[in-house]
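Trainee: First to last, the sequence lines map onto chains A and B. Throughout, my numbering is defined as the position within the first sequence, counted from one, plus 11. Throughout, my numbering is defined as the position within the second sequence, counted from one, plus 707.
Because the hints were derived from the structure by calculation, they are not lab data. It is possible that part of the hints are untrue.
Calculated cross-link-like contacts (lysine-lysine; reagent style DSBU-like; alpha-carbon spacing at most 30 Å) [to be verified]:
1. A:Lys-120 x B:Lys-1632
2. B:Lys-1632 x A:Lys-24
3. B:Lys-1496 x A:Lys-123
4. B:Lys-1419 x A:Lys-24
Here's the letter readout for the chains.
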Amino acid sequence: MIKTENLTRTYGKGEGQVVALKGVDLTINDGEMVAIIGKSGSGKSTLLNLIGGLDVPTEGKIFYNDTEIGKMNDTELSKFRLNNVGFVFQFFDLIPELTAEENILLPSKLAKKNGEQADGLYSALDINDRIKHYPSELSGGQQQRAAIARALINSPDVLLCDEPTGNLDKRSGEEVMSLLKTLNEEQGKTVIIVTHDADIAGQCERIIEISDGHIA
Amino acid sequence: MTSLYILNKYWLKHKKSFATLLFSGTLLCAVITCLFLNFRKDFITDIDDVYDKQGRQTLLVTSDRTDVIDLVTKEDTIRGEIDVLGRTGIGNDTFEYGILHDPEDLAHLPLESGRLPEKEGELAAFRSVLKTFGFFGDVGDKITLDTGTYTLVGILHDEDADYRDGTRMHIQQLYDDVYDENQKEIRYYYPMLFIGGSSSKTPVYTWVMLDNIKYVTVPDINRDRYEKFHDEFNDVLESKGIEFDTERDWQYINWEYYPFWSVAKTFKQNQHKMMPLYIVSCLIASLSVLAVMRNIFAERENTIRMLRKIGVSKRRITVMYTIEYICLAIIQAAAGIAIGSAAHFGISSYQTKVLSGKKFSGFTANRFADRLLPNSFVIGAAISAGVLLAGYFLAAILSNINTSCRRKKKAASLWRCAGRIFRTRAVTVIQITALTLICFGTVYGYMLFHSTEGYYLENGVGITLENEEDEGKFIPYLVTVFGKNGQFDFDKDDIEEYYCTDGIRTVTTGSFVYSLHSDHFNGIDDTAVDRLSGVIPHGALPQTFIVSDKNSKLKSSIVYGSEEEKQFFLENSSDEDKALLSSDKVLYKSPIALTDKEVTGKLSQYVTAGEINADKLDSGEEILMIVKYGESPLALGESIQLGAAETENGFGIGKLSTTEVRIGAIITLPKNMDKFLRYSISAGDDYNLLTTASRAASMGFEGAMYTELFAKEAIGSQIPLGTGFNMTSKAQLRHELFMKNASFLGSMGALLLLMSLLGFSAYFNGIGLKIRLKEYQISIMRAIGTPIKRLRRRLMLDGLRIPLFSGAAAFVAVKLMQRIMLSGYNKMQEIEFSTQQAIDAFSSTLENNGEGFTKAQLAQLDHISELEKQSNIIYDQYLCEQQMWFMNAIIPTLIVFCVMCVITILLTRKSFRRFTPDIASSLSKGRKRQ
Ligand SMILES: Nc1ncnc2c1ncn2[C@@H]1O[C@H](COP(=O)(O)OP(=O)(O)OP(=O)(O)O)[C@@H](O)[C@H]1O
Ligand SMILES: [Mg+2]
């Protein structure tokens, strides 16, 4: 169960202060598949980052099954992220110096796992023939799929996806969605998807709309 | 205008980069400017030292002897000219007067006051000449002579011998010649009055003043030959078929040949030693520029792309940036020159005001310096501009290097992946180079500093104790660099002050010694010495003899050189002495050493016969026999008749005074005894007599005084006036040495500092830059679950490889350099060996030759010179003087390595502070930079 209490994130100070999130209270149960929607700049990515521990809230708390992640130090938080959270970034964020395969396997190597489900992921995401390539040699969609594979490699309990289908054609998008759905349904993983696509949002159990840093 | 706007905007945004860039260039320019100004100052000071000691001109030749001038001159022969316009004066008192085209030409003449004439109507004259005119005014007064009215601007010094003595005496001699009725034939006179400006009058004759003469390339080892310059010169002229009346047509101005180029040579040597540091500093400065430039290039790429997109032509962009670099170069040159000059002004003021050095600075006008040295400002500006350019081009090249990765079959291990992720080749190259250079430079500087310092610490500065009786030479009191035998070291031997009167000049006629100078009345007697504590006194009477039978075991009997000489002595002797001189008695040279009771008291352990009886020594009943080599020629208790030439007029034997005395003890000196003790009781070669100064004086030996004192502590204020002592103290020598080395070592220190500053700034920049460049990658790694500590550790390890690699590289480079230096030294030794052989061969052919040299011998000499030159070149090139191959390079390298490691760790830690828990932000920041 993921729970946020009065989650607030402001950027900057004084005149130019931006309040990206204002007191968000949210509870997402284990095994839920949630879509977060909202206008551009409404604070979706900020919320997801906070949940994923990539950012610290200005105010408020985040709990994973009663554990407050704000209380963890960098090492604990990193370990938590590595093993329990899979993050698909809005801008893919693959390491340019590594091949797609290396990028995908990196979390498993860091966690000292052997990444046995890698092959399955490659075929599920249809990137089998492109894994030896560097990110700069891949198309946007291929990069996005590699990024998804990387998020899934350590089979985390929670999947945080920031517009995972933003760069994909309809068919590929659907394939990704069905993969996420399978993971959610068969393996009971919690999936949180930020999206602009109403179709994708529609496939989720719950839709949370954010506007101006509030839950609408 | 728009380009200016963009540039302005850019620099305002990157103030730090701009500052670093300016800082490197300005600092480099400042240091180089200051260094070269320092060198210039040293150079001018050294030239002045040479003037002080020797005067500049070695040879004066009249201008109509172009054949001779052609023969002896070479390109860098220093030339000055004095046009003699005739005679001028008041009434019957007239002297030659000459026109001075450049005051520098007479810089070797000692000025009592004022300066040398520069403009028309100005006059400088010797004090004695002015006295002859009845002029007792001062500089600034008007003086009317036959040829017009002049303003007296300078008075040349010609009385009271000072250190420019040699020159003065020669000029005096030339001056005297004018009035010598017997030498009417002399056509050319050296002027005693000098006027400035120009004259329409045709000169009667012109003196050409030359130095650094081509012909005189005789080997240094053969010092004596310089004194025979006159003869050799004639030989050469003869061999070339040139007729030359040396008496009439030229004058050899200096006592001893002193090559002017030695100054330039010292300069060159110092430059040579510094060369590695120069190069390293420039490279480091380039790297520092490069490091900043690379940053700027990376950041500018977007700007340029944007400019191109909005339609600015490529050419325009190039022009824009070129103008920018030119402006930068100008700013840094101007600032650098200003700072460098200010620094030099400070240094030279300190040297002249606080350390009371000569009043010169790098700004002092000096045409030799202008001609022989590069312009400090130009050098400073050029080097800094060059460095800027080099940095710019290197950065341009580096930014074009693509770090392409090869396709791998298998996914790499985590370690390798990390290696690839954090690799920043260009920065690493800069860092490694910077550190290697710093490390090398520091170790080199350390070695240079240490060996220069060490050289003086080890060899000390001291005085040659001349033990042998040198014929026709000054008994030296010259301060020399300490070296091999018969010398003492102020430091090691713990001598605070050394006193010596002017040397007694003794000359020989046949083997008969008589004293030429009466200066040996200088010194102090026993009463004065008794009052001084901790002093070892020494004196000697070299002109004494023993009257004995023909079959005596005594050596070196005195004989007359010729019948004429015998006649001369007989004529100058009293009746009593005439009887002695014409009897069948033989006079044996027998020098007497003088030392005080305190010293004789220490001799009992060396007594081999009899005993030292102070009372009997004092009463003059007994005298001591000192034996250094072989047997004592006199038996214990033997009564001897001692004699001495009385030298009222300094020449000949006025009277032979003899006195009876008995040998009280025979003292045999072992070789390994205290050298001061040994020196203070010695005179002559194998044996000598020993008594105290007062005793010797009361026995009728005039001038029986202590002429040398070795003081363990400062006694300066206790020395009575009028003793004629010259003092050399440890403090004084140290000061001189310090002054001599201060600028060199100081400059070196400054260079090292600059190098370290710039190099480390390049290196530090690199550490920060690397982490900034990899911010994106690091953030991704963090986002997917790598603790920051782990990343930091990894980057630190990566970073530590740089000092490790650099340290090793620098160590290898230093070792290699030492190897090369040693090989140079060995090569030099070989050449020196063959030089020695050539000299030996030459000497053996010399024996049967009387005056001049044959052509074959001259050829041999040329060969020797050639070898000498070669070995000198190698000596300079391989910095043999420094003997750096003995230096331990590992410790300084290790120290530098450790410092670098610590700094690397600290800086990596510091650079990692940019990473906050807000990974998302730094991810998006990094993303933008990619
Ligand atoms: N590092 C930052 N500094 C300052 N403001 C920020 C920062 N990151 C985000 N913001 C601001 O916070 C607000 C929310 O941003 P966020 O990225 O969460 O929007 P979003 O809903 O994900 O939009 P989009 O659909 O375009 O991705 C925006 O107004 C944005 O400008
Ligand atoms: Mg977003």
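Trainee: If a hint holds in the structure, say so; if it doesn't, say that too.
Mentor: Hints, one by one, checked against the model:
1. A:Lys-120 x B:Lys-1632: Status holds; Cα separation ~26 Å.
2. B:Lys-1632 x A:Lys-24: 19 Å, holds
3. B:Lys-1496 x A:Lys-123: Measuring from Cα to Cα gives roughly 17 Å; hence the hint holds.
4. B:Lys-1419 x A:Lys-24: Violated, at about 77 Å.
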